[in-house]
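We have chain A; now place chain B onto it with these hints.
Protein chains: 2
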Amino acid sequence: MTRLTDAEAARLCVVLVRARNPANIGAAARAMHDFGFSSLRVVNEFPVPLEAARSAVDASAVIAGATSYSTVAEAVADCTLVVGTTAVGERELRHELLELPAAAQRLRAGVAGGGRVALLFGSEKTGLSNEELSFCHLLLTIPMYEHEDMRHPSMNLGQAVAVCLWELVRDRAHDQAPAPVVISGLDAPPADSASLERVTALLTEVMEATEYTRRHAANCDPAHIRRLVRRIGVDPVDAPVWMGILRQILWKLGVERK
Amino acid sequence: MTRLTDAEAARLCVVLVRARNPANIGAAARAMHDFGFSSLRVVNEFPVPLEAARSAVDASAVIAGATSYSTVAEAVADCTLVVGTTAVGERELRHELLELPAAAQRLRAGVAGGGRVALLFGSEKTGLSNEELSFCHLLLTIPMYEHEDMRHPSMNLGQAVAVCLWELVRDRAHDQAPAPVVISGLDAPPADSASLERVTALLTEVMEATEYTRRHAANCDPAHIRRLVRRIGVDPVDAPVWMGILRQILWKLGVERK
Chain A
257 MTRLTDAEAA
267 RLCVVLVRAR
277 NPANIGAAAR
287 AMHDFGFSSL
297 RVVNEFPVPL
307 EAARSAVDAS
317 AVIAGATSYS
327 TVAEAVADCT
337 LVVGTTAVGE
347 RELRHELLEL
357 PAAAQRLRAG
367 VAGGGRVALL
377 FGSEKTGLSN
387 EELSFCHLLL
397 TIPMYEHEDM
407 RHPSMNLGQA
417 VAVCLWELVR
427 DRAHDQAPAP
437 VVISGLDAPP
447 ADSASLERVT
457 ALLTEVMEAT
467 EYTRRHAANC
477 DPAHIRRLVR
487 RIGVDPVDAP
497 VWMGILRQIL
507 WKLGVERK
Chain B
257 MTRLTDAEAA
267 RLCVVLVRAR
277 NPANIGAAAR
287 AMHDFGFSSL
297 RVVNEFPVPL
307 EAARSAVDAS
317 AVIAGATSYS
327 TVAEAVADCT
337 LVVGTTAVGE
347 RELRHELLEL
357 PAAAQRLRAG
367 VAGGGRVALL
377 FGSEKTGLSN
387 EELSFCHLLL
397 TIPMYEHEDM
407 RHPSMNLGQA
417 VAVCLWELVR
427 DRAHDQAPAP
437 VVISGLDAPP
447 ADSASLERVT
457 ALLTEVMEAT
467 EYTRRHAANC
477 DPAHIRRLVR
487 RIGVDPVDAP
497 VWMGILRQIL
507 WKLGVERK
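Going down the list, the protein sequences come from chains A and B.
Our numbering puts the first residue of the first sequence at 257, with every later residue one more than the last.
Our numbering puts the first residue of the second sequence at 257, with every later residue one more than the last.
Chain A extracted, bound-state conformation (with noise of 0.2 Å):
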């Protein structure tokens, strides 16, 4: 059975993107705090929400060791498995969905096999974005009461965020047995996400410079690129094989490297 160790539980990365509300990064903060989380991620374009939350009375060591981003693809460059948390279910990119209990195990193997994960969460009033959503290999949903004639219920940022950590500890005070899980089917540790948005980039000039682009346009948005790259289980000895065949494509064609 895996218990999440504090070794393990510092590879685990919460992201919040485009969180507008300070209170609730200070809620987040607070939830890791109580748990024994540590590392706090925030994606915005402008710092100040995080300023706000930092200089609120009862920020945290975790607030004040929290890293500022602009961008999502920064923030989770150096993890190897990146869920995102959605209410509806985005179904659009084909992830794979799983509720919360099968997602926390995927996370609890992520940080076991020594990867840094990121959990993000999206801003409290859209979510996140398919273009954020692009940068995860798989969508975690926290189940929610159906009630009829109501539209599905989202969760408050702070208690979303305590819900899921709470899934991710609980089994070190309650004892249970999670079925071991594989997550990419290889034993290598699977890419980080710098690796894969370098294939992704590759790819894209590939893809461009054949005119792929212009005869398969619909395959060729780039959050969906994104998102068949990370489909793909790509580890770290092959990225450079296939960063290798890509660019000796380009060669070929005679493109002028970007």
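Some hints here could point you the wrong way.
Identical chains share a label here; the pair holds if one copy fits it or two copies do between them.
Stated by the list, open to error - Keeping only pairs whose Cα atoms sit at most 20 Å apart, straight-line, the calculated SDA-like set for lysine to any residue is:
1. K508 x E464
2. K381 x T336
3. K508 x A473
4. K381 x R274
5. K508 x N475
6. K508 x S324
7. K381 x A279
8. K508 x E461
9. K508 x L459
10. K381 x A343
11. K508 x T469
12. K381 x A312
If you're looking for bench data, these hints aren't it; they were derived computationally from the structure.
Chain B only, in chain A's frame:
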């Protein structure tokens, strides 16, 4: 394992004792709504906080139906099981103290038995007093991380309610027959061997046409290329996309297809 039915959920009362912050009352109500609970009882000497929570813009049906009491005794009068929450584990009253997962089982057993049960949360600052605890049959604590050299952490009221209610319903989600949707990605069946062979053949053509094979001969043994393609977990939906990309490369290179 007991699954919570709607009728059982209706018999669980969340009792907020001396909650001072209307936003916290609202957050508790929102979590109740999210997880399918409806019976909220608020104990306050003065009804001001509940009234303020009622007037909040996003006030829920739960808040609208909340009842106000001036004492814990009245609020739990019709309950056959009363469970108090505590951060530190009050022992003075020699209560049975259970961690959340075990306490949740008792709460589920309580409503399953046909009785009305109460789950008490104390004020944000002081928790439940000894006098208030004296109405409880047992105490529940959410196990939290023990930080060295720090006071025992306490949870935000709205987050504590959300975590407890999630624990009460998580088996309903978790036990349910197959998770809602598996769209693609890691759980999709992998492409069959014939598809993978077609991808392999095309990739081999591309590697030859671009002279990759000449420059990186070590990567180009047929078995190596086959393994490279196997290691990427191409699913049946993506396989034709990859074939299209590879065909387009060959077309652009002016390669006469075999």
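Hint check:
1. K508 x E464: So K508 and E464 pass the 20 Å test inside a copy (14 Å) and across (11 Å) alike.
2. K381 x T336: neither (28 Å within a copy, 40 Å between copies)
3. K508 x A473: between (23 Å within a copy, 17 Å between copies)
4. K381 x R274: within (10 Å within a copy, 30 Å between copies)
5. K508 x N475: Only across copies: K508 and N475 sit 18 Å apart there, 24 Å inside one copy, limit 20 Å.
6. K508 x S324: This pair counts as neither: shortest intra-copy Cα distance 41 Å, inter-copy 43 Å.
7. K381 x A279: both (15 Å within a copy, 18 Å between copies)
8. K508 x E461: both (13 Å within a copy, 13 Å between copies)
9. K508 x L459: both (14 Å within a copy, 15 Å between copies)
10. K381 x A343: within (11 Å within a copy, 31 Å between copies)
11. K508 x T469: both (18 Å within a copy, 12 Å between copies)
12. K381 x A312: between (22 Å within a copy, 17 Å between copies)
Violation of the numbered hints given earlier is confined to hints 2, 6; the remaining hints are satisfied by the structure.
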